[in-house]
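Got chain A sorted already, so can you dock chain B onto it with the hints?
If you read the sequences in order, they're chains A and B. Going by full-length UniProt numbering, the first residue of the first sequence is number 1, and it counts up by one from there. Going by full-length UniProt numbering, the first residue of the second sequence is number 1, and it counts up by one from there.
Simulated from the structure, these hints should not be mistaken for lab results. A hint or two may mislead.
One copy or two, it doesn't matter: identical chains are merged, so the pair holds either way.
Unchecked claim - In silico DSS-like pairs for lysine-lysine, Cα to Cα no more than 27 Å straight-line: (1) Lys-192 - Lys-88; (2) Lys-103 - Lys-155; (3) Lys-192 - Lys-18; (4) Lys-58 - Lys-88; (5) Lys-173 - Lys-58; (6) Lys-192 - Lys-8; (7) Lys-8 - Lys-58; (8) Lys-18 - Lys-197; (9) Lys-173 - Lys-8; (10) Lys-8 - Lys-103; (11) Lys-93 - Lys-58; (12) Lys-93 - Lys-192; (13) Lys-88 - Lys-163; (14) Lys-88 - Lys-8; (15) Lys-88 - Lys-155; (16) Lys-173 - Lys-18; (17) Lys-192 - Lys-103; (18) Lys-166 - Lys-192.
Owing to the predicted nature of the structure, the values given are computational and were not obtained by experimental measurement.
In case you want the letters, here they are:
2 protein chains.
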Amino acid sequence: MDSERLIKQIEFIVEVDKLKRIFRQNAIIGTIESENDAEHSWHLAVMAILLSEYSSTKELDMLRVLKMLLIHDLVEIHAGDTFCYDEKGNLDKLEREQRSADKLFNILPSDQAQEIMNLWLEFETMETPEACFAASLDRLQPLLLNYHTSGHTWKRPGINSEKVLKRNRVLEKPVPLLWEYAQEIIEDSIQKGYLRK
Amino acid sequence: MDSERLIKQIEFIVEVDKLKRIFRQNAIIGTIESENDAEHSWHLAVMAILLSEYSSTKELDMLRVLKMLLIHDLVEIHAGDTFCYDEKGNLDKLEREQRSADKLFNILPSDQAQEIMNLWLEFETMETPEACFAASLDRLQPLLLNYHTSGHTWKRPGINSEKVLKRNRVLEKPVPLLWEYAQEIIEDSIQKGYLRK
Numbered sequence: 001m002d003s004e005r006l007i008k009q010i011e012f013i014v015e016v017d018k019l020k021r022i023f024r025q026n027a028i029i030g031t032i033e034s035e036n037d038a039e040h041s042w043h044l045a046v047m048a049i050l051l052s053e054y055s056s057t058k059e060l061d062m063l064r065v066l067k068m069l070l071i072h073d074l075v076e077i078h079a080g081d082t083f084c085y086d087e088k089g090n091l092d093k094l095e096r097e098q099r100s101a102d103k104l105f106n107i108l109p110s111d112q113a114q115e116i117m118n119l120w121l122e123f124e125t126m127e128t129p130e131a132c133f134a135a136s137l138d139r140l141q142p143l144l145l146n147y148h149t150s151g152h153t154w155k156r157p158g159i160n161s162e163k164v165l166k167r168n169r170v171l172e173k174p175v176p177l178l179w180e181y182a183q184e185i186i187e188d189s190i191q192k193g194y195l196r197k
Numbered sequence: 001m002d003s004e005r006l007i008k009q010i011e012f013i014v015e016v017d018k019l020k021r022i023f024r025q026n027a028i029i030g031t032i033e034s035e036n037d038a039e040h041s042w043h044l045a046v047m048a049i050l051l052s053e054y055s056s057t058k059e060l061d062m063l064r065v066l067k068m069l070l071i072h073d074l075v076e077i078h079a080g081d082t083f084c085y086d087e088k089g090n091l092d093k094l095e096r097e098q099r100s101a102d103k104l105f106n107i108l109p110s111d112q113a114q115e116i117m118n119l120w121l122e123f124e125t126m127e128t129p130e131a132c133f134a135a136s137l138d139r140l141q142p143l144l145l146n147y148h149t150s151g152h153t154w155k156r157p158g159i160n161s162e163k164v165l166k167r168n169r170v171l172e173k174p175v176p177l178l179w180e181y182a183q184e185i186i187e188d189s190i191q192k193g194y195l196r197k
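Isolated chain A, as found in the complex (with noise of 0.2 Å):
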């Protein structure tokens, strides 16, 4: 085999894999055993297939959507996974995802380093409709994993129904049906006990 360009390929391939061995703080749902990137990422392309009626936006570029869900986490590989209420955890993130995607999307060709970058960037930033909605999904699959746990990772310290929501409401302009659907979620949490008010 003398493609320079497959090699380059399938070593990423390869190299993803390791994805699979980033773990997150939800459960999966009737186990305390953690979710994985590679699961969660599955997860929310499936969630973007079923559910972009919601979209506020219409008429979204759905295979930019699945895209992103499906890359945006690979960072993690080298920056490791941050917990979404892990204030001074948050505070490098992006440096350090910043460099996480510059060594590992660098292993393919240039065309496609370049365009595993935009999608990323894209993702992280939020500012197209794409973007908003992916974040959201983002957003609400591990609302519903805590909620299906009993709220496995909000009995840590320093979480409540505050915090939740704030991060949630991502959703509101993207998704409103969704946000709305959200919000039942977290009162109900808070009346079943899962999430502190």
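Frame of chain A, contents of chain B only:
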């Protein structure tokens, strides 16, 4: 929340969380831990984004490819993973999976149940260029994992290079260069003692 439609969609999204605990035969690279179907589906989708240029049919509908890859193993939630070289298990595989599909997909609103069913059947019957491309990646990915885990599943009784070549011949027409690459990996695996000749 008074949306029967959304409630069905969310029920399905919560149900398919179970795919994260359907384990496959392959091990994750660098570990002896089994890969699961959610991780596998994610990995295939990333491969599709990067390797579409090798498709012998140009202008694939990549959105449909990604959707197929993301949902192709959902039926294993009830039917379980059937090892590709398990001759007995493969006899009633399609029947078990069809029952699982009926049970699982019909949680969704009927239009979406039909969409997911059609995507799954398209993948299974391998008659469209998109399904052939998707199925090729579904062969190549376990090959890569086996190669990078010193032939983790190839070491089992009854598996040899002839069977592995036969299974991977699916790549020949849809992605000729990747078929060439697969043959090189198989040859090298024999040399390295990962796979019996």
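Verification of the supplied hints:
no.: 1; hint: Lys-192 - Lys-88; in the structure: neither (30 Å within a copy, 47 Å between copies)
no.: 2; hint: Lys-103 - Lys-155; in the structure: neither (35 Å within a copy, 34 Å between copies)
no.: 3; hint: Lys-192 - Lys-18; in the structure: between (37 Å within a copy, 24 Å between copies)
no.: 4; hint: Lys-58 - Lys-88; in the structure: neither (37 Å within a copy, 48 Å between copies)
no.: 5; hint: Lys-173 - Lys-58; in the structure: within (13 Å within a copy, 38 Å between copies)
no.: 6; hint: Lys-192 - Lys-8; in the structure: between (51 Å within a copy, 22 Å between copies)
no.: 7; hint: Lys-8 - Lys-58; in the structure: between (37 Å within a copy, 22 Å between copies)
no.: 8; hint: Lys-18 - Lys-197; in the structure: neither (37 Å within a copy, 30 Å between copies)
no.: 9; hint: Lys-173 - Lys-8; in the structure: between (40 Å within a copy, 23 Å between copies)
no.: 10; hint: Lys-8 - Lys-103; in the structure: within (13 Å within a copy, 42 Å between copies)
no.: 11; hint: Lys-93 - Lys-58; in the structure: neither (32 Å within a copy, 40 Å between copies)
no.: 12; hint: Lys-93 - Lys-192; in the structure: neither (33 Å within a copy, 42 Å between copies)
no.: 13; hint: Lys-88 - Lys-163; in the structure: within (15 Å within a copy, 53 Å between copies)
no.: 14; hint: Lys-88 - Lys-8; in the structure: neither (36 Å within a copy, 39 Å between copies)
no.: 15; hint: Lys-88 - Lys-155; in the structure: within (19 Å within a copy, 47 Å between copies)
no.: 16; hint: Lys-173 - Lys-18; in the structure: neither (34 Å within a copy, 30 Å between copies)
no.: 17; hint: Lys-192 - Lys-103; in the structure: neither (44 Å within a copy, 30 Å between copies)
no.: 18; hint: Lys-166 - Lys-192; in the structure: within (20 Å within a copy, 55 Å between copies)
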